[in-house]
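**Student:** Chains as they are written, first to last, in this note's numbering: chain A, 1 to 513; chain B, 1 to 306; chain C, 1 to 361.
Just so you know, these hints were derived from the structure itself, not from any lab.
Using N, Cα and C, we set each Cβ at its ideal position, and we do this for glycine too.
Careful: at least some of the hints might be erroneous.
[Unchecked claim] One-sided and incomplete, this derived list gives chain C residues near chain A with beta-carbon spacing under 10 Å: (1) Lys6; (2) Pro8; (3) Ala29; (4) Gly31; (5) Met33; (6) Thr201; (7) Ala216; (8) Arg238.
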Amino acid sequence: MGLTPLLTIDGLTKTYPGVVANDDVSFHLAPGEIHALLGENGAGKSTLVKMIYGLAKPDAGAMTLGGAPYTPAAPWAARAAGVAMVFQHFSLFEALNVAENIALGTETLPPPRALAAQIREVGKSYGLPLDPGRLVGDLSAGERQRVEIIRCLLQNPRLLIMDEPTSVLTPQEADILFHTLRKISAGGAAILYISHKLEDIRTLCDKATILRQGKVVATCTPREVSAARIAELMVGQLLSPPARTERAPGEVLLKVADLSLEPVAAFGTPLRHIGFDVRAGEVLGIGGVAGNGQDELLMALSGEVLTAPGAILFKDHGIGAMPPGQRRSLGLLCAPEERLGHAAAPDMSLTENAVLTARQREGLERGGFLDWAGAKDFARRVIANFDVRTPGPDVVARALSGGNLQKYVIGREILQTPTVLVVNQPTWGVDAGAAAAIRQALLDLAKGGAAVVCISQDIDELLEISDWFCALNEGHLSTPRPVRGLSMEEIGLMLGGAHATHKAEPGATHAAA
Amino acid sequence: MIDPVTLIVALIGASTPILLAAIGELVVEKSGVLNLGVEGMMIIGAICGFMTAVNIGFSWSGFVAGAAGGAILSVVFAFLTQFLLSNQVATGLALTLFGLGLAALLGEAYSGISPPLTPDLFPQTLQEGSAISSIIFGHDPVIYLSLGLVAAVWYVLQHTRAGLILRAVGENHDAAHALGYRVVRIRCLAIIFGGACAGLGGAYLSLVRVPSWTEGMTAGAGWIALAIVVFASWRPWRALLGAYLFGGIAALQLRLQASDITVPVVLLDMSPYIVTIVVLVLMSSNRVRATLNAPAALGKVFHASG
Amino acid sequence: MLRLEKRPAPARGWIIGAPILAVLLTMVAGGLMFALLGKDPAESIRVIFWDPLFDDRFAGFSRPQLLVKAGPLILIAIGLSLGFRAGIWNIGAEGQYIIGAICGAGFGLAFFPSENPLIFPGMIIAGALGGWAWAMIPAILRTRFRTNEILVSLLLVYVAEAILATAATGFLRNPDGAGFPGSRNLARHPGTDNPEIFAGTGVHWGVMTAFIAVIAACVLLNRHILGYQIKLAGQAPRAARFAGVNAARLIILCLGISGAVAGMAGLFEVAGPAGQISIDFNSGYGFTAIIVAFLGRLHPVGILLAGLLMALTFIGGELAQLMLGVPAPAIQAFQGMLLFFLLALDVLSNYQVRIGYRTAA
């Protein structure tokens, strides 16, 4: 380890109205060290990083960088001091090309041609090939991350911050990333690696600082501590895996056959010849990195986008051209990924949001007029049955925390006793306790004879609850396989798009990445 | 008969107010802001320019005052939408309604007066050579300025860092903010630039095109400028094309009304508006073309949250 | 330094408080404007807001005028507010108003000089259909070609004005009018007139319709699924799609309703207070109604009150012109200011203003 630390963080505290996001956080990084910052959603990782990158000012505490006091007023100041950051979200411009995106993140701009050459050169030396002239909107998630990393590397940073980098990568892509990061740290730069994935950290990081509820609960060497111990430190309690019982598969309730769809939005993903079926009592897990067609698949199933009638069969009836309301009446319910704005209207009360999907099956509408008393009653039942923490059904949706709203949204569908339920990222951004409750509810629903389709990025979650597993990659779906007996490597290949089992069609050029 | 050379000269003159307003609004929209108050800023520019030019006696002072008037009104819009986060559509409409009222109020004493003349940039001898030379040299300085402005906006947007940042802000304000760019400041500057352009366009209308002051004299020019930005799919040179196309129709219909060709006047009167609608439909029906160049954050409220 | 923080839920107090404060601030700013014009600000404000209602010399004439002017404003604004709530921006109500008036008047004049009692109801239907058809142009262009309805509906106002000019000087011109522009007077002919229903109140059929529209909109927005869908589509378009709201149908409905009521308002005006189709019988109600809709917070009861207030500024403005020589356009600027203040104060219901350093950017 280095003699003088590169970055010291001493007693940083940051309060937002109602929350202490960071409470007396201290740790330090040596040059060339890969340091993990671990914690659950809401543990205070992003707030801490925002302060290091100049996006937020601490209420108390101090930092030093390379021995000198470090108080970045804005991101440009952080960049000038040699701190670079790869964001998880929100920092690329889809309609601009790679070179323009990179130029926006650097202070000193070489002429366009030199910049393009530099991008190629840095890309080559770190194993990150990229074409500077391509539009970012046309790139895959992994390629987009390369843009961000190259943007940082061009500034020769002393400290590189990576925010949840593998959440958008397949296992194989993650391996490539780790290789790149080791090269960077061998060059002397320190890396602050934020994640909640224990395996990543155990393979990559030299040291780890674990946050819980805004406080440092431990600093350790991850290779020397068991994953179970780290998980316990992160969560604060041991969680038992959900209980599941064996059941005999029933009739096919939902069948998707040769579903193809052009993208609805600019830079969306087209769906290509998707096919699967789900039986009563089964859970089908659809894995894959976000942005590979998950949203589009959910919208095709929910009826937001219509297809040929025969592409989607509900109990052998073609429903592909049926609007959402009629599908709900039949018993096909969906819960989209985006809670605020898609699954729920942010400024409407929970009662009004109950009407959003439940008006057909719960009989909340008679002759065009709405039964508000009935809707409130239903909202109350969802709140009570799914432990939604809220003062009552009159509260607007956006006043709820992410986890509580997710419980409400999933609960709203489950309480309507669906025949088929499709959920997309059911536990994204939800704390561990609520996530476990949601998974259990999905399993209970299947046990009761419903068919469940669970689309998720979280492979562990899918392995925990699914009977069948398949993966979505660039709009192609691999053939579902029984979860039992599936190896991690096979899963990785499915996620990476090696859909060898999928029938090759003339002209299809999507091969293994 | 209709003389093609005078028609082209008239076309350029008729297009210039709309071109100026459109090129300003193009920059505003590229930064992700939809300002529907163009009509209001134009008419304020028209009256401010007219009053100043009449009182000072030089037309150039009127152009400066017109641009300043439009810019000042746009500051109100910038303050409301960028700092008080008001709805851009409603605020733009308010700007138009307020601008029309205020301009009428300011201009009460100014109807029926002639403004000072705006001389052409080049001497008469240069214009008289041939048809070509009168098309190239036969204009006042503002027309050359408007063309220069189109070129400048194109160059800045495509080839400079400032333009890149502006486009980035209009594309994804959250990402631009995360990189440390001052979204609100950049947008305010764009809005004020747009206001100044619209005001200059208005001043050109009252000082050169008409040239006199009448209430409501913009007659929808601001709205047509907004339509031209859509037609141009946010590209400066296409805005020039759109404005000249529109100006051509306006100039042609005026000449047709004066000639003996019997087309009902009502059809000629409404033709500029109908043509604008038809062109809008043609542009927007092509989904790829309509969405690819449109700023993705257009009209969305930006609030940097903790 | 001041900064804004998003409230977890909209503050109910400010939803009502903001418009009231906006009116007060507009009075202050308007007073300043009148002072700059060389008028006594306090007297100007009193003449505009107080005298029309309570001064013995004017109230007898002004009070009925209040309803005459508020009727069309409320009727049009109620229609517009449905679309505005759904994020559908019909700002061409002025055009729909004109076309409605021309169609309705044309229907009535076609049967001239018959005094059949069915003619007036027929005129109302023709007016509504005319406005509806004019609004269907932007609606269909929007749903079929994704053409921006703001620009199309607005540009169609100028087209409608051109048609109005031809109607007044051409196809609807009074054949016995000695060549002067303008149609026969509908209000002075039994069968085509829109009379005052209760003498001395100013209430004609258009005012009644406006009141009915307010009640209908209340029921629609609070109880009916269509009202729910309108609100949902405006607040969260993706959620609306997920809920199964057909966006194209909503656009057709909202534009159609607002066009039809604007057309009816035009007919009531032309057959009543205006009396005849003339080149400039339309007095900008279609545009002022936009202010009324926003001032009323897009809420039916709010629109009712806002319509009355706006009518008051019209009548008071005329009075101020007569008594104090305040120029007529001053009142238009005054109304624009009112909308500015309202939009500015809107921020208070959704955001909290905090004093302190902007710690998080």
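**Student:** Please go over all the hints and tell whether each is borne out by the structure.
**Tutor:** Okay, the hints, checked on the actual structure:
no.	hint	result
1	Lys6	holds (9 Å)
2	Pro8	holds (4 Å)
3	Ala29	violated (30 Å)
4	Gly31	violated (36 Å)
5	Met33	violated (36 Å)
6	Thr201	violated (33 Å)
7	Ala216	violated (13 Å)
8	Arg238	holds (5 Å)
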